[in-house]
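Chain order of the listed sequences is H and E. Remember, the numbering used here sits 470 above the position in the first sequence when you count from 1. Remember, the numbering used here sits 470 above the position in the second sequence when you count from 1.
Some hints could be false.
Treat identical chains as interchangeable: a pair holds within one or across any two.
[What the hints assert, rightly or not] Under the rule of at most 30 Å between Cα atoms (straight-line distance), these lysine-lysine pairs were calculated in the DSSO-like manner:
{"id": "1", "residue 1": "Lys772", "residue 2": "Lys800"}
{"id": "2", "residue 1": "Lys792", "residue 2": "Lys772"}
{"id": "3", "residue 1": "Lys788", "residue 2": "Lys692"}
{"id": "4", "residue 1": "Lys780", "residue 2": "Lys728"}
{"id": "5", "residue 1": "Lys811", "residue 2": "Lys786"}
{"id": "6", "residue 1": "Lys772", "residue 2": "Lys811"}
{"id": "7", "residue 1": "Lys811", "residue 2": "Lys628"}
Calculated directly from the structure, the hints in this document are not laboratory data. Being a predicted model, the structure only gives us computed values, none of them experimental.
Below are the chains, spelled out letter by letter.
Number of protein chains: 2
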Amino acid sequence: MEVMAAHNNGFTNHQNGTTTNHQNGTTTNHHNGTANHQNGNGTAHEDGGKDFGCIKPGWFSEFSQMWPGEAFSLKIEKLLFQGKSDYQDVMLFESATYGKVLTLDRAIQHTENGGFPYTEMIVHLPLGSIPNPKKVLIIGGGIGFTLMEVSRYPTIEKIDIVEIDKMVVDVSRQFFPYLGAGFEDPRVTLHIGDGAAFVKDAQKGYYDAVIVDSSDPIGPAKDLFEMPFFEAVAKALRPGGVVCTQAESIWLHMHFIKQIIASCRQVFKGSVNYAWTTVPTYPSGVIGYMLCSTEGPDVDFKNPVNPIDKDTSHVKSKGPLKFYNAEIHKAAFTLPSFVQKLLE
Amino acid sequence: MEVMAAHNNGFTNHQNGTTTNHQNGTTTNHHNGTANHQNGNGTAHEDGGKDFGCIKPGWFSEFSQMWPGEAFSLKIEKLLFQGKSDYQDVMLFESATYGKVLTLDRAIQHTENGGFPYTEMIVHLPLGSIPNPKKVLIIGGGIGFTLMEVSRYPTIEKIDIVEIDKMVVDVSRQFFPYLGAGFEDPRVTLHIGDGAAFVKDAQKGYYDAVIVDSSDPIGPAKDLFEMPFFEAVAKALRPGGVVCTQAESIWLHMHFIKQIIASCRQVFKGSVNYAWTTVPTYPSGVIGYMLCSTEGPDVDFKNPVNPIDKDTSHVKSKGPLKFYNAEIHKAAFTLPSFVQKLLE
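Can you make the complete structure from the sequences, with help from the hints?
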């Protein structure tokens, strides 16, 4: 869930007039106990970055209209970076138990000790499902982790990555240097810009795979979950090409997931699938993915054909996979009964 | 994760002298904004139940030494019950987004909208793995949900449930009346008492299955994760009988999981397996289970033979299953690579 959007700001803008659950006048944020904190004086995230939304001194708390009524909190050991880009607030801190944590507009994007399932799965679910991927487009993903995972595949000749926010790339390369290997890969071209515009202008049928490593469907990233974007992606993919896009939580966003599946079924004439995995530092502890293919050679996402977990050529330069394996790949498409029922 | 133990108290007692992450003098709990809250004046959970550990007025926050450095919070709509039993603090509130929530010593045990995966899986993973279960023992489970799930099986003739804390049974029957069907089942005997002692005194080879619906391995429940208890369970099971016990989170407790697997491998000579599932309102969003069988007829836990999800005889009286199905059963045993590696 990287970049592209102002998480809370965006959603708030789209929800003008609704009342947030944590928008009551009695709330007082305490920042006096922690030197690194600015003074906050009111609601937890309606103030556009004036505080960290902390509800306990020295802790980061993640409130959002995307998951009202609940919040995950992490103890901050040390604030490492805080800045405001053209697109969002960027913050990076050392947490007590999950290593370094990157937040954008106070939503957790990556944690060193808990973020890897999200990234390994968003890359290897699609690329593990097609033989010999050669050209890959990543939209978002400025942290670099997605790029590094893509660069494990020796068959790949060309990787385009389109990140809207240069600050995310710069901060990530500084604080997560071991994730930066992908940026040095000669097959990679980094484009700082709008992913939706990039894919719209892409050569027809050019890519084998498109990976949409986006933030939530609010604000600027909203376009990345809608029909015109899916149509542009389908056009940019070769016949039997695949897309994997971040698709939120079965616990929090089933209404939205139903919508996105309906859109994808209209656009992608190969196959349309939903998968999910565990991410301990994302809301509700899970994240989902849409996996679709265009008309052409059949893609059976549930039975991987390109086993990166069995190949060891990339391990020396990129390190071993921590989460993904062929069995986890297959299991990711298994849905609880309430999800099956809602997707019927 | 029900009953049997004082979550935080127990762990704190066992960790005398260690400093908790949220035990600094600058912390101030805010209870002034919410009428139902008592005044708190210090650390978040070291005061044995004097406050709710809230870090924001009107919100419940779940701090514990079992998951230091992180906390999950829920907005409280209305406090419905608060009491102190002989064993623990019992609290029940209506949350903003997960329905009613039961906490014991300020650890979330059950939420109406998010707790069902835990309970469906702790019951149907073991009972779905053996043909014609007849006699079942539940240890803990005073909420009644586990009992109701067990009572779906028409082949069962006898269910013993041993819950140490009568207040949990009484409060649950009052506030979750739709989970109480099991208590009215003529096959059921409710024993208020110590589960470890009960199983030690059980008739040798009597049960087809034992389900240990316990709280965390601290305080009174600590015994339920140790060798003498496993030995007593193995003795109480028939040859080829099965046990399923709550076994914490792959994200938070791998060290403990390794220990419990090592113990189980010594005691259970049929098979020893680890499974896990998503629970949005448990720490890190997942919970695990140990599934073991005694020497005797082979039990292949990964391939269910007793398909309760295909049987519909129980649906009218108990309602449909929300989470469990045969595919989810199989997928639950699929482990991420870092877990596989740690369990080698």
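Exercise for the section: Check each numbered hint from earlier against the structure, then list the numbers of those it violates in ascending order. Expected result: 3, 7
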